[in-house]
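Let's have the full structure, built from the sequences with the hints guiding it.
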Amino acid sequence: MSERKYEMVIGLEVHIQQNTKSKMFCRCSTEYFGKEPNTHTCPTCLGLPGALPYPNQKAIDNIIALGLALDCSINQFSKFDRKSYMYPDLSKGFQTSQHELPFCFDGKLEIFDKKGLRKSIRINRAHQEEDTGKSVHKDDKTFLDFNKSGMPLIEIVTEPDINSTQEVSAFAKCLKKTVEYLGVSDANMEKGQMRFEVNMSLRPFGEEALPDYKVEVKNIGSISVLEKVVESEYTRQSQILDRNEVPVQETRGLVNMTGLTQSQRVKENSADYRYFPEPDIPVIITSDEKLKSIQESIPELPYQKLDRYTQLGLNLEISTTLVDDEIKFQAFDINSRDCDPKKLANLIVGKYTQVYSEFGLSKEFEVSELASLVSLQTEGKLNSDAVDIVVENLVRSGGKAEDIAQENNLIMSDNTDELKSIIEKVISENNKAVEDFKSGKNPNAVGFLIGQVMKEGKGRFDATKVRETITQSL
Amino acid sequence: MIDVKTLTIQEANQMLANNEITCVELTQACIDAIESNESEINAFVTTTFDLALEKASKIDQEIAEGHEVTGVYGIPYSLKDAYVTKGIKTTAGSKILENYVPAYDAAVYKKLDEAGAILLGKTNMDSFGHGSSTENSHFGVTCNPLDTSRVPGGSSGGSGAAVAYGGGLFSIGEDTGGSNRAPASFCGLVGVKPTYGLVSRYGSIAYASSYDTVGPITKTIQDATIVMDVIAGKDDYDATSIESDNDYEKFINKEDSKSKRYKIGVPEEFFQEGIDPEVKKVIEDAIEKYRELGHEIIDINLPYTKYAVAAYYVIGLSETSSNLNRLDGIRYGLDVETDNWEEKITQVRTEGFTPETKRRILIGTYTLSAGFADQYYNKAQKVRELLKDQFQNAFEQVDIILTPTMPVLPPVIGEHDDDPLKMWLMDAYTCSINPVGIPAISLPAGSIGDLSVGMQLIGPMESEKELFNLGMQFQS
Chain P
1 MSERKYEMVI GLEVHIQQNT KSKMFCRCST EYFGKEPNTH TCPTCLGLPG ALPYPNQKAI
61 DNIIALGLAL DCSINQFSKF DRKSYMYPDL SKGFQTSQHE LPFCFDGKLE IFDKKGLRKS
121 IRINRAHQEE DTGKSVHKDD KTFLDFNKSG MPLIEIVTEP DINSTQEVSA FAKCLKKTVE
181 YLGVSDANME KGQMRFEVNM SLRPFGEEAL PDYKVEVKNI GSISVLEKVV ESEYTRQSQI
241 LDRNEVPVQE TRGLVNMTGL TQSQRVKENS ADYRYFPEPD IPVIITSDEK LKSIQESIPE
301 LPYQKLDRYT QLGLNLEIST TLVDDEIKFQ AFDINSRDCD PKKLANLIVG KYTQVYSEFG
361 LSKEFEVSEL ASLVSLQTEG KLNSDAVDIV VENLVRSGGK AEDIAQENNL IMSDNTDELK
421 SIIEKVISEN NKAVEDFKSG KNPNAVGFLI GQVMKEGKGR FDATKVRETI TQSL
Chain S
1 MIDVKTLTIQ EANQMLANNE ITCVELTQAC IDAIESNESE INAFVTTTFD LALEKASKID
61 QEIAEGHEVT GVYGIPYSLK DAYVTKGIKT TAGSKILENY VPAYDAAVYK KLDEAGAILL
121 GKTNMDSFGH GSSTENSHFG VTCNPLDTSR VPGGSSGGSG AAVAYGGGLF SIGEDTGGSN
181 RAPASFCGLV GVKPTYGLVS RYGSIAYASS YDTVGPITKT IQDATIVMDV IAGKDDYDAT
241 SIESDNDYEK FINKEDSKSK RYKIGVPEEF FQEGIDPEVK KVIEDAIEKY RELGHEIIDI
301 NLPYTKYAVA AYYVIGLSET SSNLNRLDGI RYGLDVETDN WEEKITQVRT EGFTPETKRR
361 ILIGTYTLSA GFADQYYNKA QKVRELLKDQ FQNAFEQVDI ILTPTMPVLP PVIGEHDDDP
421 LKMWLMDAYT CSINPVGIPA ISLPAGSIGD LSVGMQLIGP MESEKELFNL GMQFQS
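Order-wise, the sequence lines are chains P and S. According to the numbering used here, the first sequence is numbered sequentially starting from 1. According to the numbering used here, the second sequence is numbered sequentially starting from 1.
Treat the hints loosely; a few may be bogus.
[Claimed, not checked] Listed below are several chain P residues computed to face chain S (Cβ distance under 8 angstroms; list not exhaustive):
#1 P53
#2 K92
#3 F94
#4 D272
#5 R274
#6 F276
In short, the hints are calculated from the structure, not lab data. By construction, the Cβ of each residue, glycine as well, lies at the ideal position given by its N, Cα and C atoms.
Structure follows, in structure tokens:
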């Protein structure tokens, strides 16, 4: 990247759709993706007269878990508020959200990447709300689909602590990973389960104060587009600043997936949503016991895993590869105490990943066999080719690592008699090479003979020992 | 000949059980009453006579097969048109929902239907509950059966009038600031404003969500307990609903209850300016009767009463402005042809709401707006807390508070047309109860000529049994 004149100042708002079984305030199923429009609806999410909300406790437990994972303070006395505005796909004319007392506030997310970035981004708040319906524009008409209406949605708002495209990207990826680790969302971007809004401005490097303008870009549905938006906004805003002008404070929308934006609405002052407490839902009180039990349910988080792996001596590349993928880190975490962690990690990111990506994991496969396998390797009982053969067998059809090695005659042998008989066999079958070596015509002929012995012994004999023994025999 | 004008649920139960009348005859008698009164009174927006007779004949068959006659089983009744009924038009008294046919049933309707009550129709109301006289309905004013030149009270005026002339033995009204108690007072009936959450609001078209309560209008206290036993209790579709043991009728008929004496508080503030001297006299006589029965009468003060009306309206109108947002004409309700959704919403709401509803939406939008919410909405919430404290303090001194229900006799129709504020002040004695959440009932205290005067009994949270018991002692 070329030297830049300005530093980016970025805050993100991220919406994450939760993966609870039912919607936020009604009992409709959340499995609406790809289904007929308006088939996953009821009086409550359609906003019919007289219908009332009933809060989904599982969704509330989930956001509190996320808040704790983001090191947030938790409002144990919390409530919902109504955010009023009118739009055809907003069924009640208000969104049930949280204004004054969000479940989570004042936290931080530890971000990192393969290139060694490590930074703490402050989280302003994380609150619970519901999704709107969807407007589908077709043939000059607009159709409304309320299947998405009332889906549980977490909104996370960061402080303007993000200062580069690399950091934006790392933040999005680390947040995605965190919600996946917690199991609160599938965070599937193709299904719109994670969406971003960027608030961005630029300042000369070295300046501490926030710029006196900011530009908002809404509805960004993937991390790659997010990166492009930030880059294209950098270009646009820096050109304006280079002319000694100040970019207009406004909301911009995506033109297309290249990240180019266009002005949508100039923000003179913020919209008046007339927030007030949702009278249909009593205050939500989270007891100390409840909070403790949620805290205890939180697994090791991505950055904590990364730190543990690097402390075990794994390099950053391998550590992040493991952290990124549940199958990999599970295989590692189950076995890392029982064998050499570096060898284990190499096996997992190498042949193991290659085999399961191609063939899938057999039901018979016991992941703990990987430790046995690595131990056989460490003890010198298997060479690397043999390890590959065993791991492929394990993943595809299960069994014990040692049994597979035995059955396939892969265990390294120190049986001198066997070695001698193989050598005799090779010598008797390769008269020419033996003559060439003995006559001094070709001293390298011994290498050929060693190769033949190794081949005949399926690599189970130590190469040094083979060389010594064959030299004696000759 | 069945005189449905005076017949109580309790009496009808016995007659049905003893085979003195059939359910079809009882239902037909109510239908006859409706048909002969409606041109003059206009209590119903929609009637469901075919459905009613069909169900009545089914119930007769069940009774013949030995089904127990109890509670509301086989009892014809009406529902305020604020409760959604699947397949039956539900208007909330408005033009915007003039032809709206709901796709689901309100919880209270479902409970009554399952208990065997027979729906005769949906009653007229001030549009969205916005009024105390039933003059603000898209379907015309309802007249008071006791004096047809006067209003029946509101907003559940259709319910009150229907019960008063025998168009059903009870009605389910909805009380946000006195909407059950005012019609009860003006029509000579019992009106119940239960503890907030005691009866599920699911399917009740909201006026002000944190005030709205669901309760019966009946001829007697006994009847009110019979209905409450059916409709009270926790509902998994209303997060604000609460548990109830539903033995109201049993409680008031216990010997211990009949001999129970209470400390009755009489707040000075409810007998000062604004009260009609004749009304005052009736209430004082009722107090005297209670004293004679051996209850202890204690003078108390409720000093924040003067702020109650203002606080009530600020919060109530804030909530109603938000509750009515969903009426945009896009998914249901009044429709107009435009090619622009913003214009559609504007036109539908301009045409579909009454002037009173528009007034309330405008005020409520203002009181929630940035820059004004602190002066209005948030300040009113502080007053609400003071009102709660005030009643809590009073109930440390007394068991039950007794006041007039309405400060005046029912106004003549049109009397307040030019002065909406005066109409609002008519609610002063009832509307301070809803922000607090406590229960109150209105029962007839006496009469002045043809007109009835109601008294209001107010108790702490979930004290319905005691209120019914004290009311019952007056009626015995």
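For which of the previously enumerated hints does the structure constitute a violation, in increasing order of number?
-> none
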